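Q: Which chain is which? The protein sequence lines are X and A, in order. Mapping to the working numbering: the first sequence position 70 is 70, numbers consecutive. Mapping to the working numbering: the second sequence position 38 is 38, numbers consecutive.
By construction, these hints were calculated from the structure, which means they are not laboratory data. Please note: incorrect hints may appear among the correct ones.
The calculated DMTMM-like cross-link candidates involving lysine to aspartate or glutamate, where the alpha carbons are at most 25 Å apart (straight line), are [what the hints assert, rightly or not]:
1) K17/X x D70/X
2) K89/X x E61/A
3) K173/X x E62/A
4) K89/X x E68/A
5) K150/X x E127/X
6) K177/X x D181/A
7) K83/X x E61/A
All of these numbers come straight from a predicted model, not from anything done at the bench.
Spelled out from the first residue to the last, the chains are:
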Amino acid sequence: ERNISLANATTVELSCKLDPNFHLRNPQVTWKRGNETISHTTKAENSWSIKLVIVDSSKMGSYSCIVKGDEEIRATFYLHVPKIEAREKPIITYEKDTAVMVCKSDSTPMTWTWYMMRGNNPVIINESLWTDKYLISRLSANVTRLRILKLTKEDAGVYWCEAVFQLGESERKMELKVLSIMAPLKPFIAIVAEVIILVTTIILYEVYSKRKGK
Amino acid sequence: MRQQGGERKEHEEPEEAGKSPGARAAHGGWAWAVVLHFFLVNVLVMGMLKTFGIFFVAFREEVGGSSEQVSWIGSIMSSLRFLGAPLVSIVCRGLGERPTSLLGAGLVAGGCLVSTQATSVPFLCISMGLLLGLGFSCLYQAAAVMTAKRCRARLGFSNALARSGMGLTFLMAPFTQLLLDFYGWQGTLLIFGGIMLNLVPSSLLLRPISTRHSSAKTQGCESPMAQKDPETPDGGLDGTTDRELHPHKAQELPTTERLLMSHGKDVSDPTNPSALGKLEKPTPGRSSPETATGAKRSNKPLSATKKETSQPLLDLSPLKDPVFFIFTWSFLFSHLAYFVPFFHLVARARTLGMSSMDGSYLISVAALCGRSRQVKLGRATRKKRKNYPNEAFSEALVAPVPSGITEMLSQLLSGWVADQNWTKKYHFHVTYLVLSGLTNLLGPLATTFPLLLAYTVAFSVSCGGFMALVLPVLVDLVGVEKLHSYLGFAAFFAGIAAIGGPPLAGWLYDYTQTYACSFLLAGACALLSPLSFCLEPWAQRWKLKRARLSPDPRAG
Numbered sequence: 001e002r003n004i005s006l007a008n009a010t011t012v013e014l015s016c017k018l019d020p021n022f023h024l025r026n027p028q029v030t031w032k033r034g035n036e037t038i039s040h041t042t043k044a045e046n047s048w049s050i051k052l053v054i055v056d057s058s059k060m061g062s063y064s065c066i067v068k069g070d071e072e073i074r075a076t077f078y079l080h081v082p083k084i085e086a087r088e089k090p091i092i093t094y095e096k097d098t099a100v101m102v103c104k105s106d107s108t109p110m111t112w113t114w115y116m117m118r119g120n121n122p123v124i125i126n127e128s129l130w131t132d133k134y135l136i137s138r139l140s141a142n143v144t145r146l147r148i149l150k151l152t153k154e155d156a157g158v159y160w161c162e163a164v165f166q167l168g169e170s171e172r173k174m175e176l177k178v179l180s181i182m183a184p185l186k187p188f189i190a191i192v193a194e195v196i197i198l199v200t201t202i203i204l205y206e207v208y209s210k211r212k213g214k
Numbered sequence: 001m002r003q004q005g006g007e008r009k010e011h012e013e014p015e016e017a018g019k020s021p022g023a024r025a026a027h028g029g030w031a032w033a034v035v036l037h038f039f040l041v042n043v044l045v046m047g048m049l050k051t052f053g054i055f056f057v058a059f060r061e062e063v064g065g066s067s068e069q070v071s072w073i074g075s076i077m078s079s080l081r082f083l084g085a086p087l088v089s090i091v092c093r094g095l096g097e098r099p100t101s102l103l104g105a106g107l108v109a110g111g112c113l114v115s116t117q118a119t120s121v122p123f124l125c126i127s128m129g130l131l132l133g134l135g136f137s138c139l140y141q142a143a144a145v146m147t148a149k150r151c152r153a154r155l156g157f158s159n160a161l162a163r164s165g166m167g168l169t170f171l172m173a174p175f176t177q178l179l180l181d182f183y184g185w186q187g188t189l190l191i192f193g194g195i196m197l198n199l200v201p202s203s204l205l206l207r208p209i210s211t212r213h214s215s216a217k218t219q220g221c222e223s224p225m226a227q228k229d230p231e232t233p234d235g236g237l238d239g240t241t242d243r244e245l246h247p248h249k250a251q252e253l254p255t256t257e258r259l260l261m262s263h264g265k266d267v268s269d270p271t272n273p274s275a276l277g278k279l280e281k282p283t284p285g286r287s288s289p290e291t292a293t294g295a296k297r298s299n300k301p302l303s304a305t306k307k308e309t310s311q312p313l314l315d316l317s318p319l320k321d322p323v324f325f326i327f328t329w330s331f332l333f334s335h336l337a338y339f340v341p342f343f344h345l346v347a348r349a350r351t352l353g354m355s356s357m358d359g360s361y362l363i364s365v366a367a368l369c370g371r372s373r374q375v376k377l378g379r380a381t382r383k384k385r386k387n388y389p390n391e392a393f394s395e396a397l398v399a400p401v402p403s404g405i406t407e408m409l410s411q412l413l414s415g416w417v418a419d420q421n422w423t424k425k426y427h428f429h430v431t432y433l434v435l436s437g438l439t440n441l442l443g444p445l446a447t448t449f450p451l452l453l454a455y456t457v458a459f460s461v462s463c464g465g466f467m468a469l470v471l472p473v474l475v476d477l478v479g480v481e482k483l484h485s486y487l488g489f490a491a492f493f494a495g496i497a498a499i500g501g502p503p504l505a506g507w508l509y510d511y512t513q514t515y516a517c518s519f520l521l522a523g524a525c526a527l528l529s530p531l532s533f534c535l536e537p538w539a540q541r542w543k544l545k546r547a548r549l550s551p552d553p554r555a556g
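The following block holds chain A by itself, in its conformation from the complex (with noise of 0.2 Å):
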């Protein structure tokens, strides 16, 4: 094996010196191609989302139903998004990332265009609900595994970039009031099932990784991943990332694989072992859930191309893991503490006496970045709905640009930071969390207009900072093989908490008749979720002690 494994690397060495620099070039290309895209779905998708409130409106009147009914179209899609995750996280593993984006915007595409044709609210639940739910969470899943595996080095960064389309959402509703004004829900609908389409180009740039080279030059965002063979697009090579293989850059593997490799192997070859190594762990994956992360060397026998149709397709070892239960239980919390305030921020602003346009201006500064949930909104606070188009507008209007932007720089400058690994990820993750916590719990004493402007200043910039090392913190934690997996139950479990967030809290409300306590609740939360990663050496080391335990015909 090591034999075998040192002359494939031996005779790939001349190949990969043989590649240009021009190939160098547009190999770091596809990784921006790649971040292009992410940044059109966060765009897209979080767009849509956001203009359902101006959408709602229009469905309210037209297709008629109750305003409680209509929100549920909202909710379905929005919390589809997340629920769907370990659905489609089976399909990307099984199709690959650029099929499943390709169906992702078909879905998104068609549920658009189905829905103009929709006659009552049941039929849009389903059609817009539904179908663009599932395709947002293909889409979203594929673009994000794809970031994840082709931008290493730059993992946060490009992460931060592409979620900065978020920021841009807040084009989106004027346009859609003005599509609405001029060609009324259908015709709206029908563009946007057009502009949708626009998915379909960008994510034939997801282009598949092929696995025949174990490069050592790997690295990151600009530089080359000599493995891009565009000759043998295989379909469906997630488990087949064998770059990250080489100790160079150690930060980049998931923290058990390294400690095992420097513990368990053996010294002579040092990529080689590790190189199969991790070109073998899925399949002893399937055999022995326990083995998931912890045996990274097996006797067994493995084919390229062979690999990754062995691996099972539902994968349910990220419930077994501790790891896991670490970072879900973080996501849960910090995702909690993260609409809440905007939920009740202008509500809040009004309770204070400040009129609705300066609560107004408060939710754009706050939520340009963030996911507005104006479709929760909705089924907490009953009352406020006509206010729907105008805050939408006022939100656009009024929107301070400079306030965006300060979010967006947020992500993006600590996506940098973290990349510079100074300190492990998740570190700045639970800096940022622990800062945006205390800011909600200080939250309540902002009672007035500069002060609360203050504080929301405060929270986006800690929340564009946690929000943005989500991503490379799982990638961190898990590694990028077992990333569909584990990010789909993640996100399975961050959606139950979207789902339930919003009525909590309108719940919250109603109990104590202070939007106060809703600010207190999130600053908990946000307080809460940096716990377990307390947790995380105690995890590592149990990981490690059990994958001792396992039997390791490789040790020699």
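Next comes chain X alone, as it looks inside the complex (with noise of 0.2 Å):
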């Protein structure tokens, strides 16, 4: 199984080799797209071929070639636009603080846009309507980042960023939550609580044991 990203209008050739220690007698091979079979276009000794050209998405799939011998054997190659890289766990930020989402590609898009969900409909982040609160820059080609500004509990949710490339769209979610300041500090003022009843205890027994010593 192979995965095959294409960006751009390329033409695209497959081919099967059969391992030459494998004595099949009259090997069948079959190209398919999902049911419809595809004529190969080259043979050479081992190994059978098509050529495939792509131009848009509707050539995109996945495409085997099957052998038939005392076996069937199957190879399948997945075409498919370059899939997006960004956080998978979710981004933990604080409110008034600054959040940071990084999407990046292997190839150059044509475009990068933003959406956000509000309520249950995706909303592209328009830079220029919200400029003090969305930051969308271009770091190179292949890498875009949205920064948002003085959090508040309300951004928390789904984002998500989308390359459109000639051959088709791709996209990656991620989850952003916002989180109170108080949420870390509790725990926090917790322990500082039992250091200072530990620190206390222990400086009394001191005192303590100064005065009957004495």
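Combine both chains into one complex, guided by the hints.
A: So, in structure tokens, the structure goes:
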């Protein structure tokens, strides 16, 4: 199984090669996409290939070559748009802080768009509307960054970045969590209280034994 | 002088007899309190160092900066722990252990808290790397020396007990991950700062040892330290340990002093010249460095409280002492031999075709009580960085408690055995080192999972053995008074090894394309390190000769 990521219109040649150690008498090789059979364009000694010209997303998908001998062996190629890499775990930020979300892809998309979920509707983040809240910058051709300033509790939710390639779109979701400052502060204060109690106990004990010694 | 000493001793006997068994028990109890503190220090310091790998990922993603830059933070943190030791030993001798430990705890907690406000990697380098590193070394030095001072007869066992704290650090990894998932790295650092603050009350347990009594009955962790006078907690009383005077527990004394006392001493009053001799030892050390360990007697009148303030703060005498070189040579190589295998164990398992999970299983077997250098791992094996949280997690999840207990048990056993005084402690140390060297040399032969597991267990056992004995051996060689400076400088050199080790191992791998060489290197280092101990008898004799050559006014 192979994954091939394609961004722009290209020609692709997929070939299946048989291991010469496998002696199959009359190997029958068919190329299929889904259920329809494609005739192979070239055939060599032990390899069968097809050539595909891909101009739009309709030609993407999975192609497999099936070898019929004693058993059926299948090899599959997945043609897809480049996947986007981003943080998988929820991003944890605090109120009044800044959140940074970065999306990265292998190839250069034509455009990047950021969306957020408001209620049940995806909303495009339009930088020009809220300039002091959202900042979208393109760090490089393959990387985009969304910064959200002055976070509030309402900013928590799902965000995603979408990259538009010639051959289709690809997107990645991220979750943003906004905590209040009190959240980690409570355990901290509890620990500090415990420490103060211990310190006081030890100091008192020392003072007491000093007095007793005297 | 002798007369005064005699009077003093007689005066104190009834005082001591007057102390009830309750007080004796309390005194012994304080020694265990020190062990508890050292244990806590080990848990928290080692835990922090180990879980840095988890923070590494969080920092890289949120604060930005390349992997190289972020791994500098961890490197600074862990290497400063060693490199800061000479500086810390000066502070310790100036201020005393308790204030130094409090300072260390404050630095660590403060560093954590300041780091929550970090916005860039250089900031973190200073706040987390520098402050935490210095704090760790303060804590470690104070705790180690205090343990050495309080637990005489049972130093091996108490040291091993305290070091077993490292074994519990495997719990820190999932805990940190949990905190990170809940609160983000800033909240986690905040909570860690609070946890580190717990070291403040435990540092308060390091009660200074008062100098007034030269008792005859001071033995070890379980017997009372009769000099423990809570009314005079003088600060900075580290040069004044005169408890170990009497010849009953001859083994406790550093070997040179014992030899000197048996050779050059007058017979009439065995304990007193030695008592005063010990008291006076630090002062001549100031004026003439070569008499630092040699001339134990001088004519200078002393008052107990004045003595320690007259010691030089920067004591370079260890650098002139051959015993120091012996120890440091061994310490350096044993450190190199210690963590290089951990470092490459997982990678080797992978090259041998085992799954990553198995590899982590091995590392968790070995590194539960060891110091897993996840940070250094990051610098030399750049490709494997993504695996950090997973490995730490699987390390924690798969953590086979039996194997972690194996190393802990081996440490405890070796400490206990060393305490029995069947032979000099460093003989045991040498044995364990040789064993670990042999294990490492045979390591490349381990090609299947069970064999690697066997190798790991054997390696952990021998490592636990020799690591537990480092401090007792040093105390044996140099005594407790000078322990600060010796430990400081020895740790400094070990720190150099710690910095150079993983890149060296990584370079070796790149050069030879196989991990077998790292194991061979580790084995060679482990076998090199005990060599210096063979020179120990000669070194002692050399020191004796030098001491005899220097004028000895009290010989009469």
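Q: Take the hints in turn and mark each one as holding or not.
A: Now the hints, each set against the structure:
1. Using a Cα cut-off of 25 Å, the hinted pair K17/X and D70/X holds, with the two alpha carbons roughly 17 Å apart.
2. Simply put, K89/X and E61/A have alpha-carbon atoms about 11 Å apart, close enough for the 25 Å limit, and the pair holds.
3. For the suggested pair K173/X and E62/A, the alpha carbons sit about 17 Å apart, so the restraint of at most 25 Å is met.
4. A threshold of 25 Å between alpha carbons decides the hint, and for K89/X with E68/A the separation of about 23 Å falls inside it, so the pair holds.
5. About 15 Å separates the Cα atoms of K150/X and E127/X, which keeps this hinted pair within 25 Å; it holds.
6. Note on K177/X and D181/A: the hinted pairing holds, with a Cα-Cα distance of about 10 Å set against a maximum of 25 Å.
7. Taking the CA atoms of K83/X and E61/A, the gap is about 19 Å. The hint holds against a cut of 25 Å.
Hint compliance for this structure: every hint is met.
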